[in-house]
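Visitor: Take a look at the letters that make up each chain.
Number of protein chains: 2
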Amino acid sequence: MNALEYAQQNKARFTEELIDLVRIPSISTTPAHRPDIQRAAEWIAGQLKAIGFETRLYETPGHPLVYAEWLAAGPDAPTVLIYGHYDVQPVEPLSEWLTPPFEPTVRDGDLFARGASDDKGQVFAHIKSAQALLETEGKLPVNLKFIIEGEEENGSPNLDPFILSHTDLLAADVVLISDTSSRSLEQPSIVYALRGMCYMELEVRGPRRDLHSGSYGGAVHNPAQALCEIVARLHDGNGTVTVPGFYDAVRPLDEDERAELNKAPYTEDELKRETGVPAAWGEAEYRLHERIGARPTLEVNGLVGGWTGHGAKTVLPAKALAKISCRLVADQKPQAIYELVKAYVAQITPPAVTSEVRLLHTGSSAITDRHSPVMEAAMAAYEEAWGRRPIFMREGGSIPVVALMQDVLHAPVVLMGFGLPDDGAHAPNEKLTLECFYRGIATSISFLKRLNA
Amino acid sequence: MNALEYAQQNKARFTEELIDLVRIPSISTTPAHRPDIQRAAEWIAGQLKAIGFETRLYETPGHPLVYAEWLAAGPDAPTVLIYGHYDVQPVEPLSEWLTPPFEPTVRDGDLFARGASDDKGQVFAHIKSAQALLETEGKLPVNLKFIIEGEEENGSPNLDPFILSHTDLLAADVVLISDTSSRSLEQPSIVYALRGMCYMELEVRGPRRDLHSGSYGGAVHNPAQALCEIVARLHDGNGTVTVPGFYDAVRPLDEDERAELNKAPYTEDELKRETGVPAAWGEAEYRLHERIGARPTLEVNGLVGGWTGHGAKTVLPAKALAKISCRLVADQKPQAIYELVKAYVAQITPPAVTSEVRLLHTGSSAITDRHSPVMEAAMAAYEEAWGRRPIFMREGGSIPVVALMQDVLHAPVVLMGFGLPDDGAHAPNEKLTLECFYRGIATSISFLKRLNA
Numbered sequence: 002m003n004a005l006e007y008a009q010q011n012k013a014r015f016t017e018e019l020i021d022l023v024r025i026p027s028i029s030t031t032p033a034h035r036p037d038i039q040r041a042a043e044w045i046a047g048q049l050k051a052i053g054f055e056t057r058l059y060e061t062p063g064h065p066l067v068y069a070e071w072l073a074a075g076p077d078a079p080t081v082l083i084y085g086h087y088d089v090q091p092v093e094p095l096s097e098w099l100t101p102p103f104e105p106t107v108r109d110g111d112l113f114a115r116g117a118s119d120d121k122g123q124v125f126a127h128i129k130s131a132q133a134l135l136e137t138e139g140k141l142p143v144n145l146k147f148i149i150e151g152e153e154e155n156g157s158p159n160l161d162p163f164i165l166s167h168t169d170l171l172a173a174d175v176v177l178i179s180d181t182s183s184r185s186l187e188q189p190s191i192v193y194a195l196r197g198m199c200y201m202e203l204e205v206r207g208p209r210r211d212l213h214s215g216s217y218g219g220a221v222h223n224p225a226q227a228l229c230e231i232v233a234r235l236h237d238g239n240g241t242v243t244v245p246g247f248y249d250a251v252r253p254l255d256e257d258e259r260a261e262l263n264k265a266p267y268t269e270d271e272l273k274r275e276t277g278v279p280a281a282w283g284e285a286e287y288r289l290h291e292r293i294g295a296r297p298t299l300e301v302n303g304l305v306g307g308w309t310g311h312g313a314k315t316v317l318p319a320k321a322l323a324k325i326s327c328r329l330v331a332d333q334k335p336q337a338i339y340e341l342v343k344a345y346v347a348q349i350t351p352p353a354v355t356s357e358v359r360l361l362h363t364g365s366s367a368i369t370d371r372h373s374p375v376m377e378a379a380m381a382a383y384e385e386a387w388g389r390r391p392i393f394m395r396e397g398g399s400i401p402v403v404a405l406m407q408d409v410l411h412a413p414v415v416l417m418g419f420g421l422p423d424d425g426a427h428a429p430n431e432k433l434t435l436e437c438f439y440r441g442i443a444t445s446i447s448f449l450k451r452l453n454a
Numbered sequence: 002m003n004a005l006e007y008a009q010q011n012k013a014r015f016t017e018e019l020i021d022l023v024r025i026p027s028i029s030t031t032p033a034h035r036p037d038i039q040r041a042a043e044w045i046a047g048q049l050k051a052i053g054f055e056t057r058l059y060e061t062p063g064h065p066l067v068y069a070e071w072l073a074a075g076p077d078a079p080t081v082l083i084y085g086h087y088d089v090q091p092v093e094p095l096s097e098w099l100t101p102p103f104e105p106t107v108r109d110g111d112l113f114a115r116g117a118s119d120d121k122g123q124v125f126a127h128i129k130s131a132q133a134l135l136e137t138e139g140k141l142p143v144n145l146k147f148i149i150e151g152e153e154e155n156g157s158p159n160l161d162p163f164i165l166s167h168t169d170l171l172a173a174d175v176v177l178i179s180d181t182s183s184r185s186l187e188q189p190s191i192v193y194a195l196r197g198m199c200y201m202e203l204e205v206r207g208p209r210r211d212l213h214s215g216s217y218g219g220a221v222h223n224p225a226q227a228l229c230e231i232v233a234r235l236h237d238g239n240g241t242v243t244v245p246g247f248y249d250a251v252r253p254l255d256e257d258e259r260a261e262l263n264k265a266p267y268t269e270d271e272l273k274r275e276t277g278v279p280a281a282w283g284e285a286e287y288r289l290h291e292r293i294g295a296r297p298t299l300e301v302n303g304l305v306g307g308w309t310g311h312g313a314k315t316v317l318p319a320k321a322l323a324k325i326s327c328r329l330v331a332d333q334k335p336q337a338i339y340e341l342v343k344a345y346v347a348q349i350t351p352p353a354v355t356s357e358v359r360l361l362h363t364g365s366s367a368i369t370d371r372h373s374p375v376m377e378a379a380m381a382a383y384e385e386a387w388g389r390r391p392i393f394m395r396e397g398g399s400i401p402v403v404a405l406m407q408d409v410l411h412a413p414v415v416l417m418g419f420g421l422p423d424d425g426a427h428a429p430n431e432k433l434t435l436e437c438f439y440r441g442i443a444t445s446i447s448f449l450k451r452l453n454a
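Taken in order, these protein sequences are the chains called A and B.
Oh and the first sequence: position 356 is 357 in the numbering used here, straight run, nothing missing.
Oh and the second sequence: position 352 is 353 in the numbering used here, straight run, nothing missing.
Since the hints were made in silico from the structure, they are not lab data.
Heads up, some of the hints might be wrong.
Pairs involving identical chains hold if they fit within one copy or between any two copies, as the list cannot separate such chains.
In silico DSBU-like links for lysine-lysine, alpha-carbon gap of 35 angstroms or less [claimed, not checked]:
1. 343 / 314
2. 264 / 334
3. 50 / 314
4. 343 / 273
5. 50 / 140
6. 12 / 50
Using the sequences plus the hints, can you model the full thing?
Guide: Next up, the structure:
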């Protein structure tokens with residue numbers, strides 16, 4: 002019996018084990034759940050130990066990190082690092098759950114429970130993959146490491162420092178993360194690019210104090226108005242960012258990549274239905290999914306200045322502030338983008354006010370070569386387990402740990418999502434389609450074997 | 002002995018009486034001072050009764066209104082209504098007062114006390130004027146009414162309803178208000194125009210909920226950005242409001258009026274020193290004091306939308322809001338301006354968002370004909386009492402009661418300020434220059450006599 006057959010025969014048992022795991026209310030943002038967090042970490046570590054991994058809980062200022070390794074594949078075999086998290090989102094509003102979030106229930110082939118999809122079910126698929134390989138073959142085709150954190154839903158405050166101070170421990174040839182979704186059960190997909198981030202604050206200042214708009218209005222440039230004038234000049238009428246040099250480093254889309262991305266089109270009707278906007282917006286020469294996944298943006302995340310309370314106050318505000326962030330694509334550098342925005346804002350700031358652009362934080366974009374051997378292995382593994390070749394997708398959001406691992410460990414990151422778009426990861430009635438769980442185990446087995454074929 | 006000589010001889014006594022009045026801590030915004038408010042109202046009423054007026058305290062949901070009348074000048078004599086207030090501003094920060102705010106102290110000819118200039122000393126000058134006339138001539142040259150409120154520093158919540166429901170009681174040919182300042186002791190001035198107000202809220206909406214800027218950024222028009230784009234189009238590069246029709250009703254300045262206003266110029270250096278701005282701003286074809294006094298404006302009083310807290314949140318906000326107010330001049334109608342702004346915003350709102358302009362409140366502008374007989378009388382009275390002909394000024398702010406009285410009582414309003422710009426009306430160490438008080442009494446006597454000369 003090979004590993005795939007073993008996994009097939011043990012579906013029911015693996016599902017029961019997953020149910021035990023999702024029964025633990027390991028909500029990381031709520032101090033009252035600290036014992037549950039500890040229990041979940043120990044449960045995961047116990048599973049990994051039982052199948053033959055060296056395991057250790059690393060304490061942090063927050064919740065513990067589960068680390069496990071099996072390194073008996075030898076120095077010539079590649080090393081794979083799998084990242085996941087055992088903590089879950091809060092469950093509010095509780096009244097909207099059809100069955101209680103920590104009383105796992107299977108309905109129509111879906112396992113309903115908080116954390117089923119995000120991320121316990123996905124990370125557990127890899128553990129079961131390793132178990133199936135070890136039980137049937139006595140060894141793994143690769144050296145395998147797990148790093149499973151308990152603070153992902155709380156912003157991972159202790160993960161970056163841990164990675165930066167444990168680069169030898171975590172050293173790997175491939176990083177594998179399953180914390181995303183496939184396009185559908187019928188059409189698997191692989192996300193190969195994530196956008197980066199450059200988050201800034203733009204402050205415009207005029208008079209040293211708020212002024213009476215009657216006494217000075219008409220002779221003093223209003224900083225809230227001036228802020229709007231500056232912000233309005235950051236895009237042209239096409240939605241293109243006007244900051245000189247902004248697009249210089251952008252890795253262009255070639256026709257091959259555009260064709261690939263267009264296998265997962267995103268229509269204006271879908272956008273309108275999902276968001277309620279009256280129309281789509283943005284760079285006319287790019288399709289909607291390209292604007293979101295493959296083009297950088299400049300967003301106003303917040304505006305504040307002067308009187309913002311109920312009713313009227315006739316103040317001419319001393320200052321106004323905008324939170325502005327750019328989503329970046331390969332190969333834009335966040336610090337360079339900050340410098341460009343800063344220089345352009347300085348250039349267009351009207352002479353009767355002053356302005357300052359402050360950098361709040363940055364994150365690198367991430368991209369994995371679609372044609373690399375590791376990506377080919379992932380494609381083939383999906384094709385074997387799902388019966389259909391996956392399509393490639395870019396995601397508009399940022400997963401900071403992906404860029405960090407890519408940059409610090411110098412390893413390609415494969416995002417092997419076993420969720421589905423309708424899983425409701427942060428919503429009531431979160432579910433994992435069990436077929437995805439089983440295919441996930443099979444995909445993982447196939448992928449690990451192909452890495453050392 | 003005539004009234005002016007009487008006032009001259011009784012300076013010391015009148016000053017002592019004013020000191021008794023300003024000793025009362027009639028702070029209208031502080032409930033604990035309610036008994037002091039009552040005491041101040043009764044003290045004023047007692048003064049008016051003692052010199053021969055019929056007086057009455059009108060109770061309101063807030064503090065009482067002092068009403069007094071002397072109507073024995075006969076039906077052919079004009080009737081004058083004097084408005085003032087007996088309540089005062091809070092005194093904080095108390096530590097900055099050189100002498101306690103309610104222990105009146107005379108230093109170098111200035112009377113230091115909260116309320117000395119704003120407005121007890123100014124309204125008291127008119128009471129002493131009436132007294133001087135009655136004591137020396139046995140009658141007044143005009144029918145005279147006083148309405149003195151106790152809530153001016155608290156937004157006069159009960160004054161408008163009282164005026165609207167007592168138009169017969171308050172009917173007058175001239176309204177006289179002394180609650181402003183002259184330009185200097187050497188150069189008296191009369192404010193003949195105040196700006197009106199049209200206060201609005203502009204809300205821009207896009208998606209029905211806040212979106213993740215990674216998942217939708219680039220394909221959805223950001224409402225905070227769209228708000229900035231709309232606001233930026235409300236002025237041109239010259240600071241001129243671009244709303245079509247905005248200036249249509251503006252009563253133009255002729256060369257005569259511009260020359261008059263230019264007797265009280267306001268320099269860019271003064272503006273920069275007072276406010277700290279790096280440069281002046283606004284319509285290049287108008288002088289600074291014209292921009293503030295004689296031109297309408299459109300100000301952004303507040304901006305709010307999306308994430309406004311500390312740090313970063315990558316939200317694509319569902320909506321953003323601006324508080325926008327126009328200061329209006331004669332003969333602009335607030336409601337008409339609202340309709341114009343609303344129509345223009347609808348026209349320039351980008352197609353991928355929606356917008357709404359809501360009217361919060363309005364106030365009329367006020368203007369008194371500089372060449373009217375009543376203004377001529379005021380000019381002559383100032384010239385007699387101050388030894389110099391006053392100059393005319395426009396004020397950029399709004400005094401809502403002025404427009405209301407002008408509109409409801411159909412009477413010209415004369416703003417006869419006896420304060421000085423450095424009185425510190427709402428600040429620590431408020432003072433009234435006693436010479437202004439004496440000249441105020443003389444100006445009032447002269448003015449009332451000239452109205453029926």
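Visitor: All hints, please: hold or fail.
Guide: Hints and how they fare:
no.: 1; hint: 343 / 314; result: both (32 angstroms within a copy, 20 angstroms between copies)
no.: 2; hint: 264 / 334; result: within (29 angstroms within a copy, 58 angstroms between copies)
no.: 3; hint: 50 / 314; result: neither (65 angstroms within a copy, 39 angstroms between copies)
no.: 4; hint: 343 / 273; result: both (34 angstroms within a copy, 26 angstroms between copies)
no.: 5; hint: 50 / 140; result: within (14 angstroms within a copy, 108 angstroms between copies)
no.: 6; hint: 12 / 50; result: within (20 angstroms within a copy, 100 angstroms between copies)
Figure legend: structure checked against the earlier numbered hints; the only hint not met is number 3.
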